[in-house]
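**Q** Sequence:
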Amino acid sequence: MTPLFIICYFIYTTFTTTILSILLGLRLLRRRLFSPGTASDNVGNVIALYEGSLNHERRNPVRNSFRFTTRYALIDLDRAPYAPPTYLSADEARRIAKTNGPVFLLTTLPSLGYRSTPVSYYYCYNIDDSKKSFKKCIIEGTNTPWAESVTFVFEPSSDSVPKCEYISPFSDMLGHWRLKVSEPGEDLYAYISVEHPTFGNNYFIATLKAKKVQISSTTPDDLEAFFWLQPHKGSLISYWNGVKLWWKSAHFHEHPRKENPMYREKALERNQNETKLCPAFGGNRAVNDVVRHEETIDQCFMWKDAPWPWSYLIAPKPSSTSKISLVAS
Numbered sequence: 000m001t002p003l004f005i006i007c008y009f010i011y012t013t014f015t016t017t018i019l020s021i022l023l024g025l026r027l028l029r030r031r032l033f034s035p036g037t038a039s040d041n042v043g044n045v046i047a048l049y050e051g052s053l054n055h056e057r058r059n060p061v062r063n064s065f066r067f068t069t070r071y072a073l074i075d076l077d078r079a080p081y082a083p084p085t086y087l088s089a090d091e092a093r094r095i096a097k098t099n100g101p102v103f104l105l106t107t108l109p110s111l112g113y114r115s116t117p118v119s120y121y122y123c124y125n126i127d128d129s130k131k132s133f134k135k136c137i138i139e140g141t142n143t144p145w146a147e148s149v150t151f152v153f154e155p156s157s158d159s160v161p162k163c164e165y166i167s168p169f170s171d172m173l174g175h176w177r178l179k180v181s182e183p184g185e186d187l188y189a190y191i192s193v194e195h196p197t198f199g200n201n202y203f204i205a206t207l208k209a210k211k212v213q214i215s216s217t218t219p220d221d222l223e224a225f226f227w228l229q230p231h232k233g234s235l236i237s238y239w240n241g242v243k244l245w246w247k248s249a250h251f252h253e254h255p256r257k258e259n260p261m262y263r264e265k266a267l268e269r270n271q272n273e274t275k276l277c278p279a280f281g282g283n284r285a286v287n288d289v290v291r292h293e294e295t296i297d298q299c300f301m302w303k304d305a306p307w308p309w310s311y312l313i314a315p316k317p318s319s320t321s322k323i324s325l326v327a328s
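Be aware that the sequence shown starts at 0, since it is given in numbering that gives the first Met the number 0, and climbs by one per residue.
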């Protein structure tokens with residue numbers, strides 16, 4: 000990514016955000032002046048809104064931390080009037096997690112046509128004898144500047160997964176992610192740390208703590224106002240802290256595909272050799288089990304091309320997907 004590209008990117012983002020913010024304000028003002036109390040609330044019964052804080056702390060080899068207020072939407076994928084573009088459907092999530100109950104997606108909604116959600120969670124439930132239980136969680140991580148997205152299953156109570164995505168140029172691909180999430184209710188909690196062979200456990204920690212909030216109406220314009228500049232803020236804070244790490248002389252790591260085009264397969268190999276379990280198999284299938292051909296739809300990790308953040312200004316097109324299955328013979 001060249002400096003000229005970054006400069007043009009910020010100029011374009013500033014111009015487009017300003018124009019769309021003015022248009023959003025005019026729409027909200029017109030509704031308030033000319034049709035008060037008549038707004039339809041057709042998505043409020045399938046979306047819960049949360050507000051909280053996201054904390055990042057890097058302890059080695061240089062120290063850096065930041066915290067900012069963030070907002071999320073929890074979407075009932077089975078009841079949503081339309082499936083959020085580029086995300087898994089409820090049926091796809093159930094198939095991957097091997098569950099049979101409802102699926103809820105926790106993500107930051109696009110704002111002013113701009114989407115930047117580094118991490119989204121799918122909460123997958125099982126129904127046994129009419130009893131609903133939180134069974135599995137699917138995480139989808141996106142590294143926007145490099146246009147990659149990776150999806151995998153983990154145990155919500157606590158799980159360890161080999162690092163399989165290039166998140167930051169100031170972090171290598173070694174180590175494991177330690178993951179934990181709570182069942183969403185009035186509060187929700189999510190935790191990610193990195194266990195590194197050189198820098199030790201918890202050299203990087205990210206936590207999300209949020210509470211459910213209520214707004215008077217959840218029409219598309221109201222949701223747009225609730226998430227106003229939220230994805231922009233996340234991107235800006237991320238880039239700014241990248242500058243701070245560069246200033247602190249943190250080591251810069253090139254994307255692994257430059258040194259090893261097979262780095263994705265390498266992540267699967269580490270999953271096989273080190274953890275002996277594949278999270279996408281529900282955490283209970285040994286790697287040396289024979290997997291029939293028709294079962295290879297189960298992936299340890301699923302990579303796909305991430306859309307450009309401004310792709311929400313137009314109808315997003317389905318992205319190409321690269322799926323790699325772990326099959327023992």
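Treat the hints with care, as some may be off.
Pairs of lysine to any residue residues, derived as SDA-like cross-links and limited to a Cα-Cα distance of at most 20 Å, are as follows [to be verified]:
hint: 1; residue 1: LYS232; residue 2: ASP171
hint: 2; residue 1: LYS208; residue 2: ASP186
hint: 3; residue 1: LYS162; residue 2: LYS247
hint: 4; residue 1: LYS162; residue 2: GLU56
hint: 5; residue 1: LYS134; residue 2: ASP171
hint: 6; residue 1: LYS247; residue 2: SER167
hint: 7; residue 1: LYS134; residue 2: SER156
hint: 8; residue 1: LYS131; residue 2: LYS162
hint: 9; residue 1: LYS131; residue 2: PRO101
hint: 10; residue 1: LYS232; residue 2: PRO101
hint: 11; residue 1: LYS210; residue 2: TYR49
hint: 12; residue 1: LYS210; residue 2: ASP171
hint: 13; residue 1: LYS265; residue 2: GLU185
hint: 14; residue 1: LYS134; residue 2: PRO101
hint: 15; residue 1: LYS130; residue 2: TYR190
No wet-lab data here; the hints were simulated from the structure. None of these values were measured; they are calculated from a predicted model.
**Q** Work down the list of hints and note, for each, if the structure agrees.
**A** Results for each hint:
Taken as a hint, the LYS232 and ASP171 pair is broken in the structure, with Cα atoms around 25 Å apart against an allowance of 20 Å. Restraint check for LYS208 and ASP186: satisfied, since their Cα atoms lie roughly 7 Å apart, inside the 20 Å limit. For the given pair, LYS162 sits about 24 Å from LYS247 by alpha-carbon distance, which is inconsistent with the 20 Å threshold. Restraint check for LYS162 and GLU56: the C-alpha separation of about 17 Å stays at or below 20 Å, so the hint holds.
Our distance criterion of 20 Å between C-alpha atoms is broken by LYS134 and ASP171, whose separation comes to about 31 Å. Taking the CA atoms of LYS247 and SER167, the gap is near 15 Å; set against the 20 Å cutoff, the hint holds. The straight-line distance between the Cα atoms of LYS134 and SER156 is roughly 9 Å, inside the 20 Å bound, and the hint therefore holds. At most 20 Å may separate the alpha-carbon atoms for a hinted pair to count; LYS131 and LYS162 exceed this at roughly 31 Å.
Of the pairs offered as hints, the one joining LYS131 and PRO101 holds, with about 9 Å between alpha carbons and a cut-off of 20 Å not exceeded. Proposed proximity of LYS232 and PRO101 is contradicted: the alpha carbons are some 31 Å apart, above 20 Å. A hinted pair counts as satisfied when its Cα atoms are at most 20 Å apart, and LYS210 with TYR49 qualifies at roughly 5 Å. Taken as a hint, the LYS210 and ASP171 pair is broken in the structure, with Cα atoms around 33 Å apart against an allowance of 20 Å.
Between the alpha carbons of LYS265 and GLU185 the distance comes to roughly 40 Å, so the proposed pair goes past 20 Å and is violated. Our distance criterion of 20 Å between C-alpha atoms is met by LYS134 and PRO101, whose separation comes to about 11 Å. Taking the CA atoms of LYS130 and TYR190, the gap is about 27 Å. The hint is violated against a cut of 20 Å.
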